[in-house]
Structure formats: C-alpha cells, structure tokens
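Given the coordinates of chain A, assemble chain B onto it according to the supplied hints.
Protein sequence lines correspond, in order, to chains A and B.
To get the numbering used here, take the position in the first sequence, counting from 1, and add 412.
To get the numbering used here, take the position in the second sequence, counting from 1, and add 19.
Treat the hints with caution; some may be incorrect.
Stated by the list, open to error - Lysine to any residue pairs mimicking SDA-like chemistry, simulated, CA-CA at most 20 Å apart:
1. A:Lys793 x B:Glu63
2. A:Lys748 x B:Thr227
3. A:Lys717 x B:Gly308
4. B:Lys290 x B:Pro232
5. A:Lys717 x B:Glu63
6. A:Lys717 x B:His312
7. A:Lys627 x B:Ile145
8. B:Lys110 x B:Tyr178
9. A:Lys748 x B:Glu63
10. A:Lys649 x A:Pro662
11. A:Lys717 x B:Ala302
12. A:Lys630 x B:Gly147
13. A:Lys717 x B:Thr227
14. A:Lys627 x A:Pro661
15. A:Lys717 x B:Val378
16. A:Lys728 x A:Lys627
Hints are computed from structural coordinates only; laboratory data are not their basis.
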Amino acid sequence: MNALPAVAVALLLVACGDASSPVATGPSPSRGQVSLGSRSGKVAAFPCSQCHAQVDPAVVAGGQTKKHAVALAHGPLACTTCHEPGDMDRLRLAAGGTTSFDTVHALCGQCHVEKARAWAFGAHGKSIGGWSGPRQRFVCTDCHSPHAPALPMVVAKPAPVPPRRRPQRRAPMTRPTEPDRDRRGFLKLLGLGTAAAAASTTTACSTDWDRFFQKHYKEMTPVDKALVFARLEAEGKARAGRPVKIGDPPPVEGAAFAFAISLSLCNGNRACVYACVEENNQGRDPAIQYIKVVELDRGTLDPEKGDLYYEGEVPKPGKVYLPMQCNQCDDPPCVKVCPVEATWKERDGIVVIDYDWCIGCRYCMAACPYEARRFNFTEPKIPAREINPHQGYLSNRPRPRGVVEKCHFCLHRTRLGNNPACMEACTTGARKFGDLNDPTSEVAQILKEKRVFVLREELATHPRVFYYFD
Amino acid sequence: MGYFRYWGAMIRCAALGSKAYYLWLATLVAVTGVGVWAYAQQLEQGLAVTHLSDQVSWGAYIANFTFLVGIAAAAVLLVVPSYVYHRSDLKRVVLIGELMAVSAIVMCLAFVTVDIGRPDRVLHLIPGIGRLNFPSSILAWDVVVLGGYLVLNLHIPGYVLYARYRGQEPTRRYYLPLVFLSIGWAISIHTVTAFLYSGLGGRPFWNTAILAPRFLVSAFASGPALLILCFYAIERSRTLEVGESVFRYLARVASFALPLNYFLLGCEVFKEFYTDSAHVASARYLFFGLHGHSVVAPYIWAGLAMGATAMVIFLTPRLRARRGLLVAASVLAVVGVWIEKGMGLVVPGFVPSPAGDIVEYAPSLLEGLICLGIWALGALLFTVMAKVAIAILTGRLRAA
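Okay, chain A solo, but in the shape it has when bound (with noise of 0.2 Å):
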C-alpha cells in the first residue's frame, strides 16, 4: 500500500479547485495513507448560517464585521472573496464551484500555490499519527487562522544553561535509590574511597557480578538479555518506583530512517527539546539536552556565528533557527574512533550506544562534528515521577554515570512505526520523519521535491538530517 494516490488526489484537488473529495477515504487509511482531520465540526460552533442567510453587503466592502470579533488581516480579501455568499457553509472557489471547511486547502491553494504543493507531498504543515501508520495531516485553518493566517511569536522554552554557570556543579551528588549507601559511607570512614566509589554501583554481590561481566550488545544470546533486561527492569522499578519495561526492537528491516526539518517553518520555540528530554529520560541535573536549537541571522547557516542561548518571544524577526542533533550519519566518525565498538550504526541508519559497554573515554565527543553527543559526568537526577517506563536498551533507559549517550531517533517508538517525541511534540510541523526507503514517504518526498542541505556536507559524514527551506 502506498499513498501516491492519495497525495496524487491532493494535488489534483489544488490545480483543478475540485473539492469533491477529501485527500483519503476509507474507514481505517493503511499504512503510508494519509487523511485530513475534520474542520466542519470545528467550526459549527458559530456556524455562519446561524445568523446569515446571505452576506451582508456593508460588510463585504468595508473587509470588517462589527458583530464578531473576526479582524480581517488577509491582504485584500473581503468575506466573500472566500466564504459563498448564497451558502454560508461553503467555501467559494475562484474558478467556480464551492468546497466545503473540511477542504480548505483548496480555496487556500488557489493563491498559495507553492504551500500547497508542499503541502501536498507532506513538506509543509504538521502531520500526526506514525511515520508508518495512517498518518493525519493538518490543513491550513488547523495553524493558521484563515482571517489572519501570519503565526503570532510565542515565548520559547529556557534556554540550555551553560556548563561554566552549572548549579551545584561540583556538589557531592547522593542517589535515593540507592540501597547500599551506608556501607559506602562505612567504606569512606574506613579510608577507602576507592573501594566505595568502586562498589557504588552495586546492590548486590551476584548483580555486581553480573554487571561486570555482562557482554555487549551484539554478543548476548535472547537468555543473556533476558537476564539483563530482567535486572534492569528491577532496577528501574525500585528507582521510578512503578513498573518499568525495557524493550529491545530489532532494525526495521529495509528502512533508512531520515528527519526533514524545514528552516522556514521552525520557529526557535525549544519544545522539541523538552518533549526529548523528558521521553528519553535525560538527567535533570546536571541538564542533559539531545537537540540545541541555533539562531541564526538570515545570511548564513554557519552555527558558530550563531546563538545558542537565545531568550523570549520567537520568532525573532530576521532570525532563522536551526535545531541540531544527532545526524545519524551514514559515515559515522563517532563510530570509527570508538576503541571498544560500544557505539555502531544498525541496519535501518540509527547509531546506538551500549551504555553498559561504553568505557566513557569521550573520543567519539571530539570525534563529533554536530556535538550530538553528552557525557554523563555523574549519577544522572530525574525524578522518579518523572522517569519515563518504557524504555528501550538501546535508546532512553536512564543512563549510568561514566558513559556517553546522544539522540537515537526515539527508536524505541519509531521502530514500532511511531514517531519521534521530538516531532510529536513540534507545534510548527518543521519535522518530519521517515523511510527513505519508502518512496512515498514524506522525508522521500522532500527529497526528491525540495532543495535539502545537511550540515558539514564536507566532512562527507553522509547525515540522515535533511534541512530545506519551504
């Protein structure tokens, strides 16, 4: 199943103003399909026919209604440049005709051809659902309000704090979960300091054990995992004192997983960074953020002429914003210099971490050139109630201290055809995420229809993260 009919009835929709037909029908789209949100009932809490049978001529030449708060800032549009003045319900199409609310990129499309066509192949706007299952997409009145469609600034989230003004940076950090806290503080009365600190990891001799001797990754037989995993979830139960599940998805066999991100459409608001945050279970304190978001004056694309810091209402005007994260790349340098293979990139493009293999040697930090990777220089806090439980051993289970970790593209969620918390929680619609492989995919689709950049492309470290303007 493929959504190239779909998309190909989207585009036709836009050329030929024919709204007969909504982008995909059918109870339940498959898989790759894609289907628009209902806007009609949306809007049929003041349906317009309540009150008008026809437009009210005044009102059509002034461009503003004294009854209801609707400021027109549409450029020279007047009500019934859009909306059919013999059925208020309707919308009304230049070359004739009318479509309804729950079709309105059609009227939209008329004048904003090129959105539209991004539109259609999934480049602008937001999608929501799986990058795999029935995928929804927004229609313009979902973001824009149709009487002043520009986007008003919103305040962004707290700027990343900086290491050298890091609270409590050097503050002996003591771990509530942790059972055998008397005895290493009996050890460091006893003057052995090394011996404590070696066994403040443990709960248990046999776990210890088990932990110093666990394999990698790639070495464990499905019983060892069993084991680990079995271990790990206990762990995580006394820490976020509720049950944990620690899942390990193999590779989405044929997949090269890829982000589109649309610099036009990024608005610098930080929200993909805290949704990460909080989905991968990085430390509180010291903070641990996967995604920087850079801004950029608009001229250059360069991220050390940029901002990382960045305060209040975005966007800012003559600012671009450019989120940076693990690239995933093809040719990964991180990958090459590891000295113990405790990072390796899996067939469907995601680089991983075994962070109970890691030796924290931080090479593959200096290696990076996107600084996509974080060392967790001790215990890392998060609050039980926040910890999230479903995890993936590879991907967002807490992390010890001592090791590397860096984004994975959720995979613990994409792997099962969901999307990236990040994108789940971007208000713009500036990322998208897919299946290179798969033809009809939005990130396929941006590919092949826009003119993408990566970062560094002279390092020829070949990134899964596309960036393009809209």
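Just chain B now, kept in the frame of chain A:
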C-alpha cells in the same frame, strides 16, 4: 632462585639510601597520596569534580598524556647513538633514558585511566575479553603501541641489568633486535598519538598533517631537556658520573629541535591567520581570545616566552656551557612545550564547539591534584628504578 635473590637485592637497594633520598621519596609518596585521595573523590562523585564539559570534553588529563607520550618517545635519542653509533658515553646512561620512558608510559596509562568515565570497564579494551576496535580506532592503536613500547622498554633494561648483575656481558641477540624494534616503535607511539587528534575532520584545529611531525619535534626538544634535568639530579646525588659530553649532546639536540618546533608552530600560525577562514577561530581563541573569552591566551604566551628563552640559551654556546643556565633552560623548555602541546593544543580544539558554543576550561583543584599525584608517581617510579639501575651499572650491586 637466583632471580628471586636478584629481586630481593634490588628491593633492598631501593629501600636503603641517604637522608636526602628518604626525604625525596617521602615527598613523592605524600604527593602521590594526595593524588590518590583526589582520585578517590573523582571515583566517588564522577568526572563532575573536574571542569570538563560536553563542549570541552578533554582537558588536563589528556594534555598531560599527550606530553608524556613525547617524553617516552624521546628515549630514542639516547638509544640510537648508543646502539647504532656505539657512542660509549651515551651507552653508559642509555638505560636511565629507557627507564624514564617506562615511567613516562606508566604515567600516560595513569592519565588515561583517570580520564575515562568507567575505569571499571577497562577490560573492554583487552582483545579477547573485550572488543578492541582495532584497526579502526586510533585510540585502539594507541593502546597497542603504548603497551608494546612499555613491554619493550621493560625488557631491554631488565635483561641488560640482570646480565650485569650476574657479572655477565648481555647476549646481543636477546636484546639488540628489540632495541632496533623499539627505535621504530618510539616514533610510532607519538605518531599514533598525533593521529588521535589529526584524524578528526570535525576539529579543524587538530586536523592538520604536520601535527605528527610537530609532536615528534617537540618531544625531541622537551625529552632531552627533561633528561638533562634527570642527569643533573643524578650527578648531584654523586651516584653516577654522567659526563660533560652527555650534557653537551642533549643540549645540542634540544638546540636543533626547539627552533624546529617553533618553526612548525609558525607554519601552523601562518596557515591559520593568513587564510583567515572560519577555521581560524580556534587559533584566535588560543592566542588572543574569542568574544571576550581568553582564559588560555596568557597561558600560551607564557609558554611561548619560556620556550623562546630556552631557545636563546640552548643556541648560545657561552650560555649553555654554564650548568646553572642549562638547567634553567631545560626547565623552561619542558614547561614551555608542556603548555604548548598540552593544554595549548587540547583545549582550543574544542573552542568554539561545533554548535558555536564558547565554553572555557581550566582544571579544577581536584583535577590539578590528580595530575600532580600522577607526576609524583612517575617521579617515584623513576627514582627507585634509576637508583637500582645505577647501583647495578656501577657494580655496587652484584650477585654474590
């Protein structure tokens, strides 16, 4: 049995000495102890006790590691003239140089160990038990070449000393092939360490082909300088007559290598600043500071000033002939190179970060104490090994 008695004799020799010797050992043990205490704090709290960050993820530990690999490699400057050109004056002290290499490698391994976040997983580096990513990872290469160099430099002096202890002439075929191997190997350890940096395309400051030559040349400047200091101390201890010609030879080598080092640094500076591309940012940060951030700049200028002063003394025959000035020049050369190829190389590589962040780095107190502790450990090791070796070489320690 004889071998155990040999070890017993060596331990007795190391344990017995003058008051000054005990005082020196006690100082080193105390400083090492402080370092161990500081490291225990780091193990307890994690690398958060350092001032390292995600942006500047390597610092004082790796800087010292880099410098000390050079010191280890510099032993080749005594090995080549001794074994290849049979200079008898140098051959008398060559074992001291090899033992300095041993101490330097032990310090290197200690610096790497304190740098890693999970020292409990160090076995993951051992082929067979772990998964050494060889030949892909240059760090894996470094593990191999440093381990090999340590074994070579333990075997050669170990074997020669044991033979001398028994009053025999060492059998050449038991050590000479390994001596020649160690010559190439010495070059390899510092080359590999340079490749560790220069192989990273994402860090333009390090991504330069002359890094390996620069490393070797700076090692051939700082190594002889440190050897001069060691031999000076040995001569002052009146245990071994080092001989004027050894000092002259080492000063001569430093007088070639130090200017060459600054020539190569100058080439690098020219490339960065004349091209004046976006990649100049790191060099600009190092020498002048960037956007008001300039923690490293005074430090590098101090290092360059020390190097320049040392160069003047090494290059002026009348100055370098005076032992006091020679020692001063050696101290300045060691510290100058330590600054320039240590923190002066490591830190600017991370500034600005790939995302344009400027995060400065200066080691924390605990980091400093750990570094000091490792240096004291190395000095301790060298002192003890050199004392025993000198006793054997001068014939004071012999099998009964």
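Exercise for the section: Could you check the structure against the hints above and give me the numbers of any it violates, in ascending order? Expected result: 5, 9, 10, 13, 16
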